[in-house]
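A.B. asks: Given next are the chains, with one letter for each unit.
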Amino acid sequence: MFPIQSVAAKAVVLLLVTATGLAAQDQNVTIKGSDTMLVMNQQLAQEYMKEFPGTNIQVSGGGSGVGIAALRDNTTDIAAASRLIKPKEVQDFLVNVGSEPSRFSAALDGIAIFVNTGNPIQELTIDQLGKIFHGDYTNWNQLGGPDEEIDVYSRENTSGTYSYVKDEVLKGADYTTRAQTLPGTAAVYDAVSKDPKGIGYGGIGYNKGVKLVSIKSDPSSPSWLPTEENVESQVYPLSRSLNYYLNPRTTNQQAMKFIQWVASPAGQDVVVKSGYFGLPKVVAKADEKTTAPDSTSAPPPPPARPVAANPSQTSTKPTSGETASSPATAPAVIAPTALMPDPQLEPPAPPPLSLSEREARVLVREEAVALREAKVAEREEKLEAELAFLKTTKSK
Amino acid sequence: MNPTTTSLPELSRGTVLGFVPPQELEKELSVTLYERPGSYLENAIIRGITLISYSAIAAVLLIFIFIAKESLPVLLQQTDNSRSGLTMKPEDAVNKSPAELAVFLQLTESQVARLSPDVLQQLIVSRNEELKAGNSPDSKLNTTTWGMMFLPYQWEGYNMPVFIWQPIGNIEKYNVIPLIFGSLKITFIALLFAMPLSLMAATYVSQLARPETREVIKPFIELLAGVPSVVLGFLGLTGLSVLLGPLHIFDSHYTPLNALVAGMALALAVIPVIFTIAEDAITAVPVTHKRAALAIGATNWHATMRVVVPAAMPGIFAAVVLGFARAIGETMVVLLASGNAATLDLSIFQSARTLTATIAAELNEAAQDSAHYHILFFIGTMLFFITFLGNILADIILQRLKSRLEGSTAAEAHRLAEQAETQLGSSVV
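Same order as they appear, the protein sequences are chains H and A. So that you can map any letter, position 344 of the first sequence is 344 in our numbering, and since no number is skipped, the others follow by simple counting. So that you can map any letter, position 322 of the second sequence is 322 in our numbering, and since no number is skipped, the others follow by simple counting.
Keep in mind the hints are simulated off the structure, nothing from the lab. As the structure is a prediction and not an experimental result, all values here were calculated from the model. Some hints could be false.
[Unchecked claim] Here are the simulated DSS-like cross-link-like pairs (lysine-lysine), alpha carbons at most 25 Å apart as the crow flies:
{"id": "1", "chain 1": "A", "residue 1": "LYS132", "chain 2": "A", "residue 2": "LYS96"}
{"id": "2", "chain 1": "A", "residue 1": "LYS27", "chain 2": "H", "residue 2": "LYS88"}
{"id": "3", "chain 1": "H", "residue 1": "LYS171", "chain 2": "A", "residue 2": "LYS96"}
{"id": "4", "chain 1": "H", "residue 1": "LYS88", "chain 2": "A", "residue 2": "LYS402"}
{"id": "5", "chain 1": "A", "residue 1": "LYS96", "chain 2": "H", "residue 2": "LYS88"}
{"id": "6", "chain 1": "H", "residue 1": "LYS86", "chain 2": "A", "residue 2": "LYS132"}
{"id": "7", "chain 1": "A", "residue 1": "LYS140", "chain 2": "H", "residue 2": "LYS88"}
{"id": "8", "chain 1": "A", "residue 1": "LYS218", "chain 2": "H", "residue 2": "LYS88"}
So that you can see chain H by itself, here it is in the shape it has in the complex (with noise of 0.2 Å):
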């Protein structure tokens, strides 16, 4: 009678400890990333696992890099990142994993240029920038300001704020040797709000206590502050998404849930208190096109949105000129709960595969033999206790 009670027992527990492991291995997100995008992610958990009691999602920063190297080796669910994935972690994924990684947007987010409240100057074009943060200008008066030196303040060159004002400001040109690395947004912010001649950049999400610069991308074309509006039309010269890469081997349910409510109309709300900016509810120019099959059940889109003839980071990513064509592939407004790439700062992929599918198509033959393999051991010894069992109960 005993050793029966306690092999059930014992099954019972397993059972039990193997359902509870499970139940809340699917319960745990991780994500891991840009300390850009830091602040949002906390705030969207913390929205998140409010709405969705009993699930965990643990948010961590160390720069987009980690992020991304932090999802090459399993360690996270997803990755937050404020640039592109490079080629070279690429090339990493390929050669580790076998697949790249999914691209979201989750929000969109203005690089603001700043200066010190007590500084006059008002609008500085692109060019005028670069050579700033290049050293060609080191004083306020060559820009119509008060004759003092510019103290330029950067990010760490780890930053993906850096690489990204490096492509788009400087043109791939160097930072002045003098110019001050900080090591975050916050830093540059409240450097400049104390330096009478600083200037610095940033998201937009830390904006406190500074003077924003309007841009403009040539000396004829009118200037745009990083508002709301403006991001979101990309008629801010230094407008970027912020995204999330999803880890290609993850089977957790939780993850990709936790990614659609983020751009999901709930989730885009936290986006826009936290700071940042909600992704476009009109994706590519296609009011005039093609009328969207699902536009009922979307709001309608705002009459005369500009749009981005240069969407910058666009530049840094082969297209093949199908961005203009998206929309033969993409529909056109997006759904409150439909959750798509980008498309215009990627080529139009097919609609992501279900978990399931995708699934399936990153077990490659050594781990389906793996699993097979501990099935079988497994099945194994749960004979073996049983004879041991049965032997035990005809001995006595």
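Could you slot chain A onto chain H? The hints should help.
C.D. replies: For chain A alone, coordinates are given in the frame of chain H:
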């Protein structure tokens, strides 16, 4: 009668200095000392402790091997980040031999063999994008050679040869001279503040202060050692930089976060190191030295400055060297407070970027096995050697100073002085 018991009281007068090794005792007394053998357990413990002590050497060696191994591609000049602009067609994934593919993709052949043609195609596309030469002629350069790392170079867009550390971007610039310069600059400033302050404090606490005062001051200075360096860095970032703001009148290029701010914050980290060791060294000078000086009419100040401090010179020197090692190895303070601009500006009101801060800031973002990654480890190797050489140099100088100060004649004089003192004492009593 056992000779040891009779002669031991004789000797105790001469053991003011403390422990006399048994070998010397045996020589002096011309006897064989009997040592009770320890129990099995005791011996085992002693052996264990010995082993653990030796493992420290192994640990240092292992750390060095690890760092050196990662920096080997740079040391052997195997890294090459030049971009020829030569690309490969994705269709070649099936046509080309694995060896050719391996070379193009910078992988090993076994890695290539493992990958499916589909993945290989994607890899080639990605590699093409990486290799796409920019319109700058510099993109055809390998920027990881010794020349690029240590000598100035006239990059496109500059009108003279420059030293530049900018490892992220189209053209990676890996000149380490500004970093070495920054490290030395900030270390020098830190020692400039820390050395006089801590040595004066050590002398005061050890020789001049009244015992009650000493009991208050000493723990407080030593408490500084317990302050986490990130706190000191933050102090520099938010406190010192504001406090020193008015100094901008001395330099039109003044930046709020500069080498002076970082150096001063770093000094706070270095002071307890120098103080503790120097204070121990000064206190270890036999009190008889000072008494002898006082007896022949020296003032307290004179006796301290002319007799005690010179006698403690080797220890003081060791303290300063350890302070130097701490200053050059300190990371968090400089990372936060120095402004981290890799300049070669001599002004102390300009920011500087140190070797350690560079490693701390960039290593976690450098893709594994990239040139950047290996060069950061190379910087680590350099740091290792700088401190290693410093310590060896210090040890040599220390030994020389010691033998000069505590040479045979000095020891003889010391013994005579002690004998005289004890005789004087006994005759007075």
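A.B. asks: It remains to establish, for every hint, whether it holds in the given structure.
C.D. replies: So, going through the hints one by one against the coordinates:
no., hint, verdict
1, A/LYS132 with A/LYS96, "holds, 20 Å"
2, A/LYS27 with H/LYS88, "violated, 70 Å"
3, H/LYS171 with A/LYS96, "violated, 36 Å"
4, H/LYS88 with A/LYS402, "violated, 56 Å"
5, A/LYS96 with H/LYS88, "holds, 22 Å"
6, H/LYS86 with A/LYS132, "holds, 13 Å"
7, A/LYS140 with H/LYS88, "holds, 18 Å"
8, A/LYS218 with H/LYS88, "violated, 54 Å"
Consistency note: the structure conflicts with the earlier hints numbered 2, 3, 4 and 8.
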